[in-house]
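Participant: Sequence:
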Amino acid sequence: MSRRAAGRILGVVAALLAPLATPALSTAAETVAVPFGSHRIPYTAGMLKPTGSQSTVDAAVVDYYKRWKSAFLRQNCGNGWYQVISPDAKFPYVAEAQGYGMVIAATMAGADPEARKIFDGLVKWKLDHPSVYNADLLAAEQDPSCRSVNGSDSATDGDLDVAYGLLLADRQWGSSGTHNYKQLAVRTINAIKKSEVNPGTKLFTYADWVDPGNEHYYESRSSDWMIDHLRAFRKATGDSAWDGIRTAHQNLIGTLQAKHSPTTGLLPDFVVNTNGTPQPAPGKVLEDPNDGKFFWNACRTPWRLGADAVTSGDAKSLAAARKMNAWIRSATGGDPGRIAVGYHLDGRPIAASGDKAAFFAPFAVAAMTDPGSQAWLDALWRKMLATPINTNGYYAASIQLQAMITVSGNHWVP
55 MSRRAAGRIL GVVAALLAPL ATPALSTAAE TVAVPFGSHR IPYTAGMLKP TGSQSTVDAA
115 VVDYYKRWKS AFLRQNCGNG WYQVISPDAK FPYVAEAQGY GMVIAATMAG ADPEARKIFD
175 GLVKWKLDHP SVYNADLLAA EQDPSCRSVN GSDSATDGDL DVAYGLLLAD RQWGSSGTHN
235 YKQLAVRTIN AIKKSEVNPG TKLFTYADWV DPGNEHYYES RSSDWMIDHL RAFRKATGDS
295 AWDGIRTAHQ NLIGTLQAKH SPTTGLLPDF VVNTNGTPQP APGKVLEDPN DGKFFWNACR
355 TPWRLGADAV TSGDAKSLAA ARKMNAWIRS ATGGDPGRIA VGYHLDGRPI AASGDKAAFF
415 APFAVAAMTD PGSQAWLDAL WRKMLATPIN TNGYYAASIQ LQAMITVSGN HWVP
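Per my numbering, residue 55 is the first one in the sequence shown, and the count goes up by one each step.
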């Protein structure tokens, strides 16, 4: 989420919301390395999946993807571009959305015969909208005319998914086509390290506009802590610095859970004082008075940490995800409908419970890590299946789709 995410509720030009006509998807496997539904890269032993046949579970994901694609995928402004539109953000195109799109398109190869065409259109968008501070990063926001605006700087979460999506694409299709995916991935990864990692703390900053003299230099956003991405970056580049960056984030997660959410395991949207004694943001530091609570950024952390846990089996990621899962399962009595829209770190709800997929879907990934949570995982899965896509809410729908991909056993690390 960019630094201007407080404008998420604003609308955009109605014409941009017209659905893009897309052909029906085929479930036949393409000539790709890891076709969707092939499950060629298994999770670590003991991870749960929803009850039912694998084919039925996979088909539910494909169905949701079809609806997501119709609602949010666009080819606006010509120029060979594809974009994921964000009607619930301040601007119609944000880097976060394009990163989601690249990861989703590469993962759905084998189920969608247009996957590579879509991916290449998203790559072209990335290349044609560089950040003003580091041209190997993506400018965070574009207006209805597809022009970069509001500073034309980057957003770390978008860049992380862009780089990860490029690595997925290299594994799926190789890099000898229109774009050299591997080369672009490495360039993006190196740019992230240069412009979006604090070299002292080894933690992510918000974006490339946060330089050493900036008041936010010793802050970090928990939803950027994508541990599985960091493993992929280390493998792709051979750069051992990514081991240290991964360890720094995992250590911070453990410290925050131990000191600030020992009962719940919940993480705050933003952390301050990362060069000293890290702590949840004291009120608004970037977006909202709830910046120090489990709110519209940190709601993604059960998914992000759970994704690493199920694919790597890492003890720290498993412990972090299981702590969150144990608390939310108990706090709701096993009823996903009782998951609130945000929490204080001690577990007190910020707002009433409700059908907000951005909050309930990520907990399904965390639930996979606990052998005793089958009924809870099944309840969360049923909740996702019963939740229609709100075409004005790309954020929640995109999070739910990626949670479903992971829960179904189709997430993999290149």
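Don't read these hints as lab results, they were simulated from the structure.
Be aware that one or more of the hints could be misleading.
[To be verified] Below, computed lysine-lysine pairings styled on DSSO-like, alpha-carbon distance capped at 30 Å:
| id | residue 1 | residue 2 |
| --- | --- | --- |
| 1 | Lys-370 | Lys-313 |
| 2 | Lys-120 | Lys-103 |
| 3 | Lys-437 | Lys-103 |
| 4 | Lys-120 | Lys-248 |
| 5 | Lys-289 | Lys-144 |
| 6 | Lys-247 | Lys-370 |
| 7 | Lys-289 | Lys-410 |
| 8 | Lys-120 | Lys-410 |
| 9 | Lys-410 | Lys-370 |
| 10 | Lys-120 | Lys-144 |
| 11 | Lys-120 | Lys-247 |
| 12 | Lys-338 | Lys-103 |
| 13 | Lys-120 | Lys-313 |
| 14 | Lys-370 | Lys-437 |
| 15 | Lys-313 | Lys-144 |
| 16 | Lys-256 | Lys-171 |
| 17 | Lys-236 | Lys-256 |
| 18 | Lys-178 | Lys-103 |
| 19 | Lys-103 | Lys-144 |
| 20 | Lys-289 | Lys-103 |
| 21 | Lys-338 | Lys-289 |
| 22 | Lys-256 | Lys-437 |
| 23 | Lys-313 | Lys-410 |
| 24 | Lys-171 | Lys-120 |
| 25 | Lys-338 | Lys-313 |
| 26 | Lys-289 | Lys-248 |
| 27 | Lys-313 | Lys-178 |
| 28 | Lys-171 | Lys-313 |
| 29 | Lys-144 | Lys-437 |
| 30 | Lys-236 | Lys-247 |
| 31 | Lys-171 | Lys-236 |
| 32 | Lys-313 | Lys-247 |
| 33 | Lys-178 | Lys-338 |
| 34 | Lys-236 | Lys-338 |
All values derive from a computational prediction rather than experimental measurement.
Participant: Now look at each hint and say whether the structure bears it out.
Facilitator: Checked hints:
Taking the CA atoms of Lys-370 and Lys-313, the gap is near 16 Å; set against the 30 Å cutoff, the hint holds. Between the alpha carbons of Lys-120 and Lys-103 the distance comes to roughly 22 Å, so the proposed pair stays at or under 30 Å and holds. With a CA separation close to 15 Å, the supplied pair Lys-437 and Lys-103 stays within the 30 Å bound. Of the pairs offered as hints, the one joining Lys-120 and Lys-248 is violated, with about 37 Å between alpha carbons and a cut-off of 30 Å exceeded.
At roughly 36 Å between alpha-carbon atoms, Lys-289 and Lys-144 are farther apart than 30 Å, so this suggested pair is violated. With a CA separation close to 23 Å, the supplied pair Lys-247 and Lys-370 stays within the 30 Å bound. Restraint check for Lys-289 and Lys-410: not satisfied, since their Cα atoms lie roughly 35 Å apart, outside the 30 Å limit. Taken as a hint, the Lys-120 and Lys-410 pair is honoured in the structure, with Cα atoms around 20 Å apart against an allowance of 30 Å.
Distance restraint check for Lys-410 and Lys-370: the Cα-Cα separation of roughly 28 Å lies within the 30 Å cut-off, and the hinted pair is therefore satisfied. Proximity of Lys-120 to Lys-144 is assessed by CA-CA distance (about 25 Å); at most 30 Å being required, the pair is judged to hold. At roughly 35 Å between alpha-carbon atoms, Lys-120 and Lys-247 are farther apart than 30 Å, so this suggested pair is violated. Between Lys-338 and Lys-103, the direct Cα distance comes to roughly 38 Å. Violation of the 30 Å bound is thereby established for this hinted pair.
For the proposed pair Lys-120 and Lys-313, the alpha carbon gap of about 43 Å is over 30 Å, so the pair is violated. Taking the CA atoms of Lys-370 and Lys-437, the gap is near 28 Å; set against the 30 Å cutoff, the hint holds. A hinted pair counts as satisfied when its Cα atoms are at most 30 Å apart, and Lys-313 with Lys-144 does not qualify at roughly 35 Å. At roughly 36 Å between alpha-carbon atoms, Lys-256 and Lys-171 are farther apart than 30 Å, so this suggested pair is violated.
Distance check on the hinted pair: Lys-236 and Lys-256 sit about 24 Å apart at the alpha-carbon level, within 30 Å; holds. Distance restraint check for Lys-178 and Lys-103: the Cα-Cα separation of roughly 36 Å exceeds the 30 Å cut-off, and the hinted pair is therefore not satisfied. Proximity of Lys-103 to Lys-144 is assessed by CA-CA distance (about 36 Å); at most 30 Å being required, the pair is judged violated. Using a Cα cut-off of 30 Å, the hinted pair Lys-289 and Lys-103 holds, with the two alpha carbons roughly 27 Å apart.
About 37 Å separates the Cα atoms of Lys-338 and Lys-289, which puts this hinted pair outside 30 Å; it is violated. Straight-line distance between C-alpha atoms of Lys-256 and Lys-437 comes to about 38 Å, which puts the hinted pair past the 30 Å bound. Taking the CA atoms of Lys-313 and Lys-410, the gap is near 28 Å; set against the 30 Å cutoff, the hint holds. Using a Cα cut-off of 30 Å, the hinted pair Lys-171 and Lys-120 holds, with the two alpha carbons roughly 16 Å apart.
A distance of roughly 21 Å separates the Cα atoms of Lys-338 and Lys-313; the hinted pair therefore holds under the 30 Å criterion. Annotation: proposed proximity of Lys-289 to Lys-248 holds, straight-line Cα distance about 18 Å (limit 30 Å). With a C-alpha separation of about 44 Å, the suggested pair Lys-313 and Lys-178 falls outside the 30 Å cut-off, and the hint is violated. Only pairs whose Cα atoms come within 30 Å are accepted, and Lys-171 paired with Lys-313 is rejected, the gap being roughly 47 Å.
Between the alpha carbons of Lys-144 and Lys-437 the distance comes to roughly 29 Å, so the proposed pair stays at or under 30 Å and holds. Proposed proximity of Lys-236 and Lys-247 is supported: the alpha carbons are some 17 Å apart, at most 30 Å. With a C-alpha separation of about 17 Å, the suggested pairing of Lys-171 with Lys-236 holds against the 30 Å cut-off. Distance hint between Lys-313 and Lys-247 is fulfilled; the C-alpha atoms sit about 28 Å from each other, no more than 30 Å.
Between Lys-178 and Lys-338 the alpha-carbon distance is near 36 Å, which puts this suggested pair outside the 30 Å criterion. For the suggested pair Lys-236 and Lys-338, the alpha carbons sit about 39 Å apart, so the restraint of at most 30 Å is broken.
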